[in-house]
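*Asks:* Listed below, chain by chain, are the residues.
Number of protein chains: 10
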Amino acid sequence: MLFHVRMDVRIPHDLPAEQAAEILAREKAYSQQLQQSGKWRHIWRIAGQYANYSVFDVKDNAELHEILSGLPLFKFMQIEVTPLLRHPSSIREDDS
Amino acid sequence: MLFHVRMDVRIPHDLPAEQAAEILAREKAYSQQLQQSGKWRHIWRIAGQYANYSVFDVKDNAELHEILSGLPLFKFMQIEVTPLLRHPSSIREDDS
Amino acid sequence: MLFHVRMDVRIPHDLPAEQAAEILAREKAYSQQLQQSGKWRHIWRIAGQYANYSVFDVKDNAELHEILSGLPLFKFMQIEVTPLLRHPSSIREDDS
Amino acid sequence: MLFHVRMDVRIPHDLPAEQAAEILAREKAYSQQLQQSGKWRHIWRIAGQYANYSVFDVKDNAELHEILSGLPLFKFMQIEVTPLLRHPSSIREDDS
Amino acid sequence: MLFHVRMDVRIPHDLPAEQAAEILAREKAYSQQLQQSGKWRHIWRIAGQYANYSVFDVKDNAELHEILSGLPLFKFMQIEVTPLLRHPSSIREDDS
Amino acid sequence: MLFHVRMDVRIPHDLPAEQAAEILAREKAYSQQLQQSGKWRHIWRIAGQYANYSVFDVKDNAELHEILSGLPLFKFMQIEVTPLLRHPSSIREDDS
Amino acid sequence: MLFHVRMDVRIPHDLPAEQAAEILAREKAYSQQLQQSGKWRHIWRIAGQYANYSVFDVKDNAELHEILSGLPLFKFMQIEVTPLLRHPSSIREDDS
Amino acid sequence: MLFHVRMDVRIPHDLPAEQAAEILAREKAYSQQLQQSGKWRHIWRIAGQYANYSVFDVKDNAELHEILSGLPLFKFMQIEVTPLLRHPSSIREDDS
Amino acid sequence: MLFHVRMDVRIPHDLPAEQAAEILAREKAYSQQLQQSGKWRHIWRIAGQYANYSVFDVKDNAELHEILSGLPLFKFMQIEVTPLLRHPSSIREDDS
Amino acid sequence: MLFHVRMDVRIPHDLPAEQAAEILAREKAYSQQLQQSGKWRHIWRIAGQYANYSVFDVKDNAELHEILSGLPLFKFMQIEVTPLLRHPSSIREDDS
Chain A
1 MLFHVRMDVR IPHDLPAEQA AEILAREKAY SQQLQQSGKW RHIWRIAGQY
51 ANYSVFDVKD NAELHEILSG LPLFKFMQIE VTPLLRHPSS IREDDS
Chain B
1 MLFHVRMDVR IPHDLPAEQA AEILAREKAY SQQLQQSGKW RHIWRIAGQY
51 ANYSVFDVKD NAELHEILSG LPLFKFMQIE VTPLLRHPSS IREDDS
Chain C
1 MLFHVRMDVR IPHDLPAEQA AEILAREKAY SQQLQQSGKW RHIWRIAGQY
51 ANYSVFDVKD NAELHEILSG LPLFKFMQIE VTPLLRHPSS IREDDS
Chain D
1 MLFHVRMDVR IPHDLPAEQA AEILAREKAY SQQLQQSGKW RHIWRIAGQY
51 ANYSVFDVKD NAELHEILSG LPLFKFMQIE VTPLLRHPSS IREDDS
Chain E
1 MLFHVRMDVR IPHDLPAEQA AEILAREKAY SQQLQQSGKW RHIWRIAGQY
51 ANYSVFDVKD NAELHEILSG LPLFKFMQIE VTPLLRHPSS IREDDS
Chain F
1 MLFHVRMDVR IPHDLPAEQA AEILAREKAY SQQLQQSGKW RHIWRIAGQY
51 ANYSVFDVKD NAELHEILSG LPLFKFMQIE VTPLLRHPSS IREDDS
Chain G
1 MLFHVRMDVR IPHDLPAEQA AEILAREKAY SQQLQQSGKW RHIWRIAGQY
51 ANYSVFDVKD NAELHEILSG LPLFKFMQIE VTPLLRHPSS IREDDS
Chain H
1 MLFHVRMDVR IPHDLPAEQA AEILAREKAY SQQLQQSGKW RHIWRIAGQY
51 ANYSVFDVKD NAELHEILSG LPLFKFMQIE VTPLLRHPSS IREDDS
Chain I
1 MLFHVRMDVR IPHDLPAEQA AEILAREKAY SQQLQQSGKW RHIWRIAGQY
51 ANYSVFDVKD NAELHEILSG LPLFKFMQIE VTPLLRHPSS IREDDS
Chain J
1 MLFHVRMDVR IPHDLPAEQA AEILAREKAY SQQLQQSGKW RHIWRIAGQY
51 ANYSVFDVKD NAELHEILSG LPLFKFMQIE VTPLLRHPSS IREDDS
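Residue numbers (UniProt numbering), protein chains in the order written: chain A, 1 to 96; chain B, 1 to 96; chain C, 1 to 96; chain D, 1 to 96; chain E, 1 to 96; chain F, 1 to 96; chain G, 1 to 96; chain H, 1 to 96; chain I, 1 to 96; chain J, 1 to 96.
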């Protein structure tokens, strides 16, 4: 089941640089592991913004929340979730 | 080059039903032809809304506009475009 | 799987009264059938508004969209969907 | 009498971790006690957000405010209240 | 129990003048009857707007909705309801 | 002359508790003195919010501003003012 | 007593041209009469918009509303009122 | 003196096609004449929208308004004006 | 050439009181000097807000920006500028 | 390929003055180098605001993001990007 997610990152400017770097390293590893498992299907950078559009493929709402709330950057993010489904005009078999 | 597009459809309630049906049939054919060409990479229905999130792969802004303004439903749509690029954490080679 | 849905109804003032009455009768029957099946778990009127908050229990996003887009009033509604999950503090076994 | 409540939690990032943990423990106990009394009828987590939708069953506006302003997290919350009533299409006797 | 209500009136410009006049006459009678009963405690015109702020004193949410949805102008109004309670600094015995 | 005022209070979480308590005590005394003089006609708590709706009866805009800017909590408040007048349907002689 | 008023005009495109012209002629006469009386102190066109910023000098809220609701264009306007007072830094004696 | 202008066009769907075509032809001629005179410095289409960003070089606010309000599409446009000036980091002599 | 300006002041609550007082004294002197020169034509306090509406008479956009960005409170202000011109209904010779 | 970019700068008031000055000096040098290369085509100050409207001419979305995210002020900016294309009424050969 697919979900569209927008994530905007707001790191407080007074967060120590080493602490920020450590969180970002964990964030990247966490994201890539989920991409390899197939649950985080797409991630695109939004031009000019510290933000991304992503598409997740999970079994239900609870799994989606578990993944998102486990993001190392979660407390510095504003997240917006939109449930998706196959579009009647779509020709891609695997986009539903 | 990728663009994220949200389309919201608002068909006036006093548009004759046959006219609406004819436009919708052309819209579907137009969309599927662009999907087959690879330019309209993804299209997902947004749950509960007469709307979709799409991803386009075009050579430049002008081609994107030509495609969008040529949509049979264009004058009944509200469209929002966001330029995308490869995310530094992405593991998919073809998502850029 | 639970979804929170807000529905705001806007019936155009120039819609003939009989046509409106017929749609509303179908809407009520449609809603009650889904309530009896257990898929439309809750529906509450919002005080002072022609609107409701509802909770749906469906197997996935596609089923939710099928139900909502089948509403006789669908084209006169503005609909907002929010995916829900069990709250970690909840004591109700069946609220997830 | 039913009220729909949305609560968004914003804990300042510089609040000491022990202090936050202590408040959250009190919050959970407070919520569960009210759920057991029947006054806090439903609480659902919103997917991807540090937020919940709840339904309260109280005798009047004053009791609702007393409960909400007594939340241990109250000063870190943004709260939105909507008065509800039985929907004319509802088939549940106890949803009013 | 008190509720704060804002009503904004939007009468379509193509509504026949006699029809509008007849609705407005019924609206005034309806409002004055509820004021005399004590349920519609206050009504003030907002300067420069076809709108009012009102305070209602009703026994519950259902009675408030019954009153508001019975307004002759209801379908031409945008209504916003806010539940009120006695303020801890208030010195008026009857404002709760 | 009547004015409708909404006040939302936002006390910074790092304000020392004694300082906050001292300001709140002065706020209450200030408000009650103005209520007794008749200038602060109504004050209601908004359910679930650290906010109030009030009605002031003052001789002009300048007096209103003098009262509001003198509130001990003024610098921690967001204030919205709306000028009111007697509603043509009102039956209360003293509500204008 | 001074009030700042913004007026945005939205004339429906299907209003007959003669009817629009007749309303606009009455609007201009009405405005100039009030300017000559001193009650409509300033009126400026906003560049690029069918809108104006105005300043009124009236004895109270009721007089302001009487003037604004009497505008021939009133039902095609969106109006926003802000009460003003003398600024403590002002050097103009007559701007209060 | 430079002004940044955004124009969004909303042509009513029930405007007869010939009437729309005639207005659009006049709009194009009007725009090109102003571009040739140097007053309408830039005009860019916004991708996916029936809208443009433009930059005007005029002698004052009044001339800008005269140009914009004379647009054949003026009554079907939403226009937003922002005054510009030379940026302290600019290296272009003629961009002020 | 006239411009309408709204200024909202937000002084951080942790700014030392002496520093704030010194800035405010400079702000007042700066404003009064510009009023005496005729460039700052009007300044009105907005009732209930730490904000003002002002009208400036300057020779171009650059002079307006130089004045506004030189305000001692500039970095604690949110400023909104609207270009004005003579209204066709205005009877005041000097309001253009 | 052209992009319209709005940048709003918000420097925290507690950032040390020397640190701010050093960032601003680097920002200016960075901007001027990109202007000389032709990639940053236009930059205009917005009157009364610490903000600019700019037009970039880059080969794709990725290059645009690389430039914007490399701005020394990037973490203190709010940035909004809009893809542009040649307007069908444009007479300038080099504006596409």
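Check each hint, because a few of them may be wrong.
As the list claims (entries may be wrong) - DSBU-like cross-link-like pairs, simulated, lysine-lysine; straight-line CA separation at most 30 Å:
1) LYS75/D to LYS59/D
2) LYS39/I to LYS28/I
3) LYS75/H to LYS28/G
4) LYS75/J to LYS39/H
5) LYS75/D to LYS28/J
6) LYS28/J to LYS75/I
7) LYS39/E to LYS59/E
8) LYS75/I to LYS28/H
Hints listed in this document are in silico derivations from the structure and should not be mistaken for laboratory results.
Computed from a prediction, not measured in an experiment: that's the story for all the values here.
*Asks:* State for each hint whether it applies.
*Replies:* For each hint, the structure was consulted:
1. LYS75/D to LYS59/D: holds (24 Å)
2. LYS39/I to LYS28/I: holds (15 Å)
3. LYS75/H to LYS28/G: holds (20 Å)
4. LYS75/J to LYS39/H: violated (36 Å)
5. LYS75/D to LYS28/J: violated (42 Å)
6. LYS28/J to LYS75/I: holds (20 Å)
7. LYS39/E to LYS59/E: holds (9 Å)
8. LYS75/I to LYS28/H: Answer violated: LYS75/I to LYS28/H is near 43 Å, above 30 Å.
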